[in-house]
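Chemist: Numbering (this note's numbering), first residue to last: 1 to 88.
Keep in mind the hints are simulated off the structure, nothing from the lab.
Quick list of the computed label-pair ranges, beta carbon to beta carbon:
(1) Pro88 with Gly30: 19 to 25 Å
(2) Val4 with Ala70: 24 to 30 Å
(3) Leu55 with Ala82: 25 to 31 Å
(4) Ile75 with Leu47: 19 to 25 Å
(5) Arg87 with Leu61: 36 to 42 Å
(6) Leu78 with Ala27: 23 to 29 Å
(7) Leu14 with Val62: 18 to 24 Å
(8) Gly30 with Glu58: 35 to 41 Å
Values in this document were obtained by computation on a predicted structure and should not be read as measured data.
Here a beta-carbon is modelled for each residue, glycine too, at the ideal position from N, C-alpha and C.
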Amino acid sequence: MSLVRTLSLVWAALLGLLLLTLGASFALTGPASLAASLAIAVAKAALIYWFFMHLREEGGLVRLAALGVAAWLVIFTLLTSADYAMRP
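With these hints in hand, go ahead and build the complete structure from the sequences.
Modeler: Have a look at this one:
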């Protein structure tokens, strides 16, 4: 598949995920809305990292570093959420 076709398909997928986010914001409420929005955001970020930032063309060490960054973001998000939940 050519590069232009691949990037066009990724762009179309990102637009589809954008529409899915918009639909979820109106259709879902409460914790379900938050969970759906976060899952869609992770999917969009993964597509951007993998294709537009050329992570698929990098070696194992760069991919491992990117995975470490993602793990730290998840940890910090969980800790921030726990801190927010514990406050009066």
